[in-house]
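Could you build the full structure based on these sequences and the hints that come with them?
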Amino acid sequence: NAGVTQTPKFRILKIGQSMTLQCTQDMNHNYMYWYRQDPGMGLKLIYYSVGAGITDKGEVPNGYNVSRSTTEDFPLRLELAAPSQTSVYFCASSPLLRSRAGEDTGELFFGEGSRLTVL
Amino acid sequence: GENVEQHPSTLSVQEGDSAVIKCTYSDSASNYFPWYKQELGKRPQLIIDIRSNVGEKKDQRIAVTLNKTAKHFSLHITETQPEDSAVYFCAHSGGSYIPTFGRGTSLIVHP
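Chains as they are written, first to last, in my numbering: chain A, 270 to 388; chain B, 4 to 114.
Since the hints were made in silico from the structure, they are not lab data.
Watch out, some of these pointers could steer you wrong.
Okay, the calculated beta carbon distance ranges per label pair [unchecked claim]: (1) G58(B) x K283(A): 52 to 60 Å; (2) G58(B) x N297(A): 30 to 38 Å; (3) E42(B) x G285(A): 28 to 36 Å; (4) E348(A) x D20(B): 46 to 54 Å.
As the structure is a computational prediction, the values presented were derived from the model and not from experiment.
Glycine included, each C-beta is placed from N, C-alpha and C at the ideal position.
Printed below as a string of structure tokens:
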């Protein structure tokens with residue numbers, strides 16, 4: 270299994286340009302996420318999806334869009350890039366575990382990250 | 004939503020000392036309590052997790068303890084080594100099943 274694969278690893282954008290960060294997982298996980306991490310800071314949730322066709326906003330969704338047409342893919346779209354979007358972006362996935370106790374999340378598997386610079 | 008607070012933000016220890024990082028949470032709906040380690044320039048990776056049917060779990064030099072009454076869980080690292088230097092994150096989902104991460108603890112182990 271490749272796990273979570275995200276591309277590109279590095280990208281420099283000019284202000285106002287658009288781009289898409291690609292994310293694919295081969296573990297058949299229901300849940301997928303996009304986080305951003307600014308230098309020395311924690312992980313902030315941008316968008317998440319609980320299954321194909323379902324997406325929802327996280328803590329910092331402004332300036333981004335997502336789609337989830339398949340279980341495997343969860344691309345993140347940046348429209349009209351701004352310097353404030355300079356960051357490292359991580360895609361992640363996790364299973365939804367079902368047991369006699371009910372449902373709960375499991376381990377998050379992260380992609381290697383995409384370092385985006387907007388100049 | 005879920006509120007996860009993590010302390011301290013920075014922890015500096017001498018090699019061989021123990022390190023303890025604590026997280027508090029607000030929503031008891033989720034029974035899953037993971038800790039992630041992020042080395043410089045790398046992705047976060049799970050190092051240990053616990054489910055709330057147990058109070059403690061150990062894996063060699065690391066352990067996680069859980070106090071459901073007080074709503075906190077802690078990461079314990081014994082006999083620290085320079086390669087333990089990294090940022091550590093706790094996470095908890097609450098009823099939404101969407102993980103909220105703590106702000107992270109930068110652990111520095113001095114040789």
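Unsatisfied constraints (hint numbers, rising): none
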